[in-house]
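Chains as they are written, first to last, in the numbering used here: chain E, 675 to 896; chain V, 2 to 214.
It is possible that some hints are incorrect.
[Unchecked claim] Not the full set, but computed from the structure, chain V residues with beta-carbon under 10 Å of chain E:
hint: 1; residue: L29
hint: 2; residue: T30
hint: 3; residue: F56
hint: 4; residue: Y184
hint: 5; residue: A187
hint: 6; residue: V193
[What the hints assert, rightly or not] In the BS3-like style, the derived pairs of lysine-lysine whose C-alpha atoms are separated by at most 30 Å in a straight line are:
hint: 7; chain 1: E; residue 1: K730; chain 2: E; residue 2: K790
hint: 8; chain 1: E; residue 1: K684; chain 2: E; residue 2: K832
hint: 9; chain 1: V; residue 1: K111; chain 2: E; residue 2: K832
hint: 10; chain 1: E; residue 1: K730; chain 2: V; residue 2: K179
hint: 11; chain 1: E; residue 1: K730; chain 2: E; residue 2: K832
Please keep in mind that the hints were generated in silico from the structure rather than gathered at the bench. Keep in mind that this is a model prediction, so the values were computed, not measured. Beta carbons: idealized from backbone N, C-alpha and C, even for Gly.
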Amino acid sequence: MSLDFGLILKQMPDILSGLWVTLWMWIVATLLGAALGFLVAVGRRYGPAPLDWLLKLCVEMLRGTPFLVQLFLLYFGGPFIGLRLEPIPAGLLGLTVYAAAYFSEIFRAGFQAVPKGHVEAADMAGLSRAQILRRIILPEMTMLVLPQCVNMAIVLIKETAILSIITVPEMTMVIGAIGSQQYAFVDAMFLLAIIYWVLVEICGFLGRLAEARLSKFRFAAS
Amino acid sequence: MSWRLFDLMLWAAGYTVLLSGISIAIGLTLGLLVCAAKLSTSRLLSAPATVFISFFRGVPLLVQLLLIYNLLPQIGIMVPSVVAAILGLSLCTAAYQAENLRGGFNSVPKGLLEAADMVGLSPWQQLTRIRAPIAFRLTLPALVNEAILILKASSLISVVGVIELTRMAQNLAASTYKPLLFYSVAGGLYLVICWTLAGGGALAERLTRTHRA
Numbered sequence: 675m676s677l678d679f680g681l682i683l684k685q686m687p688d689i690l691s692g693l694w695v696t697l698w699m700w701i702v703a704t705l706l707g708a709a710l711g712f713l714v715a716v717g718r719r720y721g722p723a724p725l726d727w728l729l730k731l732c733v734e735m736l737r738g739t740p741f742l743v744q745l746f747l748l749y750f751g752g753p754f755i756g757l758r759l760e761p762i763p764a765g766l767l768g769l770t771v772y773a774a775a776y777f778s779e780i781f782r783a784g785f786q787a788v789p790k791g792h793v794e795a796a797d798m799a800g801l802s803r804a805q806i807l808r809r810i811i812l813p814e815m816t817m818l819v820l821p822q823c824v825n826m827a828i829v830l831i832k833e834t835a836i837l838s839i840i841t842v843p844e845m846t847m848v849i850g851a852i853g854s855q856q857y858a859f860v861d862a863m864f865l866l867a868i869i870y871w872v873l874v875e876i877c878g879f880l881g882r883l884a885e886a887r888l889s890k891f892r893f894a895a896s
Numbered sequence: 002m003s004w005r006l007f008d009l010m011l012w013a014a015g016y017t018v019l020l021s022g023i024s025i026a027i028g029l030t031l032g033l034l035v036c037a038a039k040l041s042t043s044r045l046l047s048a049p050a051t052v053f054i055s056f057f058r059g060v061p062l063l064v065q066l067l068l069i070y071n072l073l074p075q076i077g078i079m080v081p082s083v084v085a086a087i088l089g090l091s092l093c094t095a096a097y098q099a100e101n102l103r104g105g106f107n108s109v110p111k112g113l114l115e116a117a118d119m120v121g122l123s124p125w126q127q128l129t130r131i132r133a134p135i136a137f138r139l140t141l142p143a144l145v146n147e148a149i150l151i152l153k154a155s156s157l158i159s160v161v162g163v164i165e166l167t168r169m170a171q172n173l174a175a176s177t178y179k180p181l182l183f184y185s186v187a188g189g190l191y192l193v194i195c196w197t198l199a200g201g202g203a204l205a206e207r208l209t210r211t212h213r214a
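From just these sequences and the hints, can you work out the full model?
Written out as structure tokens, the structure reads:
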């Protein structure tokens with residue numbers, strides 16, 4: 675067999691619109707997920723014990739089930755409890771909540787990795803809890819959590835492909851549809867794989883670049 | 002939900018565990034080979050291993066599955082969809098496990114190897130008695146983690162028509178018009194399996210910790 679991308683590339687406007695949906699949903703879900711995950715991690719660390727348990731249960735449930743099942747529950751089960759969402763909002767909500775669970779664990783580990791002595795010293799120096807979080811813990815944990823955050827972003831761009839199953843018009847769905855129409859499904863999937871591969875490699879490269887730039891935050895203990 | 006339907010879900014959960022287990026085992030074997038190639042000093046071996054690892058870790062599993070499932074018949078290989086699904090899962094996990102194993106082999110303390118060299122162990126003895134046991138112990142947590150990831154990722158083979166847990170839930174949800182119930186039950190079963198795996202992994206780690214590097 676020989677690959678022929680010509681037939682597929684003729685539909686460039688469609689491919690670009692799919693790429694655009696993939697990219698914006700990925701970026702928005704990653705940023706919102708990281709923000710929500712950070713709030714969860716802060717809630718678990720500084721909140722009352724019952725809040726910690728409740729959040730832990732939610733996080734473990736999200737981390738212990740496939741993203742596809744979560745999406746199905748949200749998209750097909752949602753309407754039965756009055757949550758009727760279109761594919762794109764449902765996908766965005768699902769991906770964000772899923773991301774938040776993993777990000778919260780990354781940040782939780784980051785909090786724990788900051789040496790206790792630094793926090794105690796800041797406490798003794800009279801810094802408030804918010805100041806300690808902002809001036810001591812956050813800068814020190816940045817270097818620790820950055821590689822894992824980049825890793826999670828890469829996981830998430832791959833998870834966006836699953837959104838095609840609930841008919842979000844992202845890249846996998848668009849290119850798959852073109853492939854079916856042109857009777858060139860395998861060629862289409864090869865092209866799709868290469869596009870994802872390039873995106874993931876770019877993301878990894880940017881992550882390593884950011885790590886090198888931020889290495890001044892690395893502290894002796896790490 | 003009647004017990005008969007719950008039995009179907011349980012059966013499908015068992016099938017999911019079976020398929021994931023087979024894929025993990027094949028993936029571990031293949032991952033070892035890829036890891037060996039990647040650690041080789043010959044670029045003829047290490048370059049293809051690098052591309053293999055990068056590709057299968059850089060492409061969504063869903064796309065890999067769709068590609069393999071549709072590619073096989075086109076190049077004249079007629080196999081049931083479950084074989085294509087296992088092949089896809091195995092290739093994907095092999096790439097991740099090769100990286101995990103590489104990390105394990107690279108973290109074997111250099112001093113131990115020097116000591117083994119000094120007492121006259123051959124390179125093969127060093128590999129089988131020192132490097133491999135220590136590397137495996139160091140890789141064990143990552144292996145358990147990978148097993149959990151593959152178990153969850155196996156839900157994606159529902160799209161190529163294999164009736165595992167997710168597909169069973171989909172079918173029953175459609176025929177009974179109770180998606181909330183069946184997807185919750187499916188989620189619950191995945192949770193039970195994942196937590197069991199995580200618990201078993203923690204136990205195995207404790208048991209193998211007796212003589213650690």
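Right, here's what the structure says about each hint:
1. L29: Where the cut-off is 10 Å and the nearest Cβ of chain E is about 21 Å from V/L29, the hint is violated.
2. T30: violated, 24 Å
3. F56: holds, 6 Å
4. Y184: holds, 4 Å
5. A187: holds, 5 Å
6. V193: holds, 9 Å
7. E/K730 / E/K790: holds, 23 Å
8. E/K684 / E/K832: holds, 25 Å
9. V/K111 / E/K832: violated, 37 Å
10. E/K730 / V/K179: It holds: about 28 Å lies between the C-alpha atoms, which stays within 30 Å.
11. E/K730 / E/K832: holds, 25 Å
Checked against the numbered hints given earlier, this structure breaks hints 1, 2 and 9; the rest are met.
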